[in-house]
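Peer 1: Work out the full structure: start from the sequences and follow the hints.
Each chain, letter by letter, is given below.
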Amino acid sequence: MGGVPTRSIVRAGLLGGAGAIYVALVGLYTKFADLELVGEQVTLGRVLIVAPAFVAAYAVTRPRVVAGERHLVALRGGLAVGALSGLIGAGLFAAALWFADWFGVDRIREVFVAITEPLVDFLTFDKGVPAGLPILIVLCAAGGVVGGFVRTAPAAIRRPASAGVLAVILLGLLQRIIPIVFVQLGFEADWLYERGAGLTWFGGLIVFVVAAAANALWNQDGGRTRERVRRNVGKAPAAKVGLFVAILAIMTILPLLLGTAISEVLGSVMIYVLLGLGLNIVVGYAGLLDLGYVAFFAFGAYTTGLLTGAFLNTTTGAATPALSADLNFYVAVWIVALLAAGVGLLIGAPVLRLRGDYLAIVTLGLGEIVSVLTASKWAQPLIGGPQGMRGVTKAEVFGLNFQDNPQHFYYLALAFVLLAAFVSWRLSTSRIGRAWNAMREDEQVADAMGVSTTKFKLLAFALGGAIGSMGGALFAVSIGSLTPASFEITVSITALAVVIIGGLGSIPGVLVGALVLIGLPGLLREFEEYRPLIYGGALVAIMILRPQGLVPNVRRSRELEDEEVSQDAWSRDAKGEAEAVAAVLPGGGLGVEREDLE
Amino acid sequence: MSAPEHLLELRDVAKHFGGLYALSGLTFHVDPGEIVSVIGPNGAGKSTMFNVVTGLYGPDDGSIRFRGANVVGLAPNQVTKLGIARTFQTVHLFPNMTILENAMVGQHCRTRSGVFGSIFRLPGTRREEQRIRERARESLGFFGSRLAGYREEQPASALSYANRRRLEMARALATEPALVMLDEPTAGMNPSETLELRDHIVRMRDELGLTVLVIEHDMRVVKGVSDRVVALDYGRKIAEGSYDEVANDPQVIEAYLGTKAAG
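Chains as they are written, first to last, in this note's numbering: chain A, 998 to 1595; chain B, -14 to 248.
Rather than coming from a laboratory, the hints here were simulated on the basis of the structure.
Because the structure is a prediction, the values reported are computed rather than measured.
All C-beta atoms, glycine included, are put in the ideal place defined by N, C-alpha and C.
Treat the hints with care, as some may be off.
[To be verified] Stretches of chain A that chain B covers, calculated by requiring three or more beta carbons in the stretch to come under 8 Å of a beta carbon on chain B: (1) 1411 to 1424; (2) 1430 to 1441.
[Said to hold, decoys possible] What follows is a set of in silico ranges between Cβ atoms, one per label pair, in the way DEER data are often shown: (3) I1358/A / H202/B: 40 to 48 Å; (4) I238/B / L1342/A: 53 to 61 Å; (5) G1353/A / F2/B: 18 to 26 Å; (6) R1352/A / L180/B: 38 to 46 Å; (7) Q1181/A / R97/B: 46 to 54 Å.
Peer 2: Structure representation (structure tokens):
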């Protein structure tokens, strides 16, 4: 059908249905049933009903390679295939719902706690099982049609339409921030957002139109505007500086606009940016997969506590740790970083000979050791064991309180982030960065070309450790009391996810990764308990759709860009076009050297 | 030690992998300013010899001296720093780095900027970076315009096969070596590229004053460039001398063509 094998359609449909059932089983539907995105009708829960069918249809209408040729699915075929796969998925979903109703929701609930009467009511639109199912099926089929449309419609239509829909969903999700910003800036927000809920219908329409129009402008004349802007922003120094200043300005005023509650979220975003920047040196620059990064985070936090005169929590009250100093935070943090660099050397030394998987496993183990140590009886006289420590310094300076005022803390964290970003940037563009790069690409050859891999691996661990420990130090200041629960493997995984989703080796990528992974779930409290699920989903999606990350490293993006342009030129198969591209691309367009064509 | 020293000297070098003797009792030397070719059938131990000399493997026995200094036990980067640069049998570039950056990595062992210099871009570091760039361009320039100009900023993966080989040699030259070890530099090249490369090898000695040790299968190249030829088989040296001597050596002929029906 439409060039898509029937088996693939059926399989995609069934996977979509299974996806919907999974979403129901983990309780996402009930959780988000009332989160209104636009008006009262479009809730996140309802979007999630459509989503599995959409994704399935989008996936199954992908271009296929048949006998070495790339076949696109035509629009009409795409819509039909999408509808069919949506219907199949809906059938499975509806059958499951029917079964649940017949078997008894309460009996299923003993195993799957999320299967409840309200869930059934939600999925059948309050009409009960047989009566509401057609609505569900129609909705899923529509999701499939849209999925097919988004894949197969002409670019001039699908790109603006997709941008519009995504913008509406995103702004709907940001319903707790944007109205505040509007009010702070002195604008009315009532026309855009319902009070305490999602976008109004009118607001949604405006957002859609604006986003779609912006996208259309961006992509006009076959994406040439886009390419030009991208090239200039990527290369021209003035554009780069301008972009940097703009981002910095936004980052500076953001907490003032958003108020205390959201600044708290931003503060934890900044802590993870710091962790991400440190880990980026180890993983992104040097290519050493470190799964035990929490070790540095914990070391930084506890050492800061010890050096600045925090107390141990004990059953009989506060006690002074076995080793303790009473330094000013701004003195202590440099000592912490220096010591952490030493810990980096200690962790780096035993793993020097390991690569890839083995390195990851050993660092995972070392991280676990540190986690366990923080909770151990053995370390109790020093860092408090399970009861932890409290009374970490508030790092007060100029009357600013960095513990009780999230807005102040944000600025403290921002200062450290800027420092770490500066150090990362300068290193990455130096002889040292080049050595790391060579080592990451081919360790043995880098060694043979004169790069001391021992030295540069240790350097990466030491610098990464120092920056990570600063993240820990700031974390200690921000919450004031330390317990082992804050220093578990999830920290390592989250920091790694931030780096990967942002784009390995990319400094702006770390910021974007942290905003997406820490900021978004932090803004919507409903997401909180699904954090790991979201991380998992985001990682899988990124790996499939955009393996280079959201804001890839310049080197890699340049390459992928060239490849894309060459491919476009190739597929157009028009001489004039190819020459135009060849003129733009210094390498001569098609990835083939001129010399070799002669 | 008063006698004129060899540049590179291998004495009784042995290397075995499990029960397989890749090299045994290998003794030969390279003098300054020579071009020495190493020939031998596949599996004769030629590349293993390269790997042992450059520190990728440690030899199981024997001594290797470069300019009179012991090389055994050094890490590859230390050997490179002493002045031995190499290329690989299968091209090993840093594919995602630009062509210029590839060559700049070669300069690594001749430079010393550290963390603080890099973070604060101290004047010394900036000068050094400038010098790295110039030297890298010089090495790329050895191959004419092929690796120069706009190509500098292209990723190495965009190069044609022959140019990848050239870039690998330019990267080796950028380490400012005294001895260049080329592992089958003409493998996979077409006849005209092979001829051109033959000239490059000669120019490396005549213009850059380097000593060249080259593994080569193409006998026209071997004949054209070699001052001396060393033939290996089963990890042993079976012949050594001028091209004509070695080419007519019965053992060499036997190694390449097999024994006459022995019965």
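Peer 1: It remains to establish, for every hint, whether it holds in the given structure.
Peer 2: Verification of the hints:
1. 1411 to 1424: This one holds; 4 residues, not fewer than the three required, reach chain B with a Cβ under 8 Å.
2. 1430 to 1441: holds (count 8)
3. I1358/A / H202/B: 40 to 48 Å: holds (42 Å)
4. I238/B / L1342/A: 53 to 61 Å: Holds - the Cβ-Cβ distance for I238/B and L1342/A, about 57 Å, lies within 53 to 61 Å.
5. G1353/A / F2/B: 18 to 26 Å: holds (23 Å)
6. R1352/A / L180/B: 38 to 46 Å: holds (40 Å)
7. Q1181/A / R97/B: 46 to 54 Å: With a Cβ separation near 52 Å, Q1181/A and R97/B satisfy 46 to 54 Å, so the hint holds.
The structure shown violates none of the earlier numbered hints.
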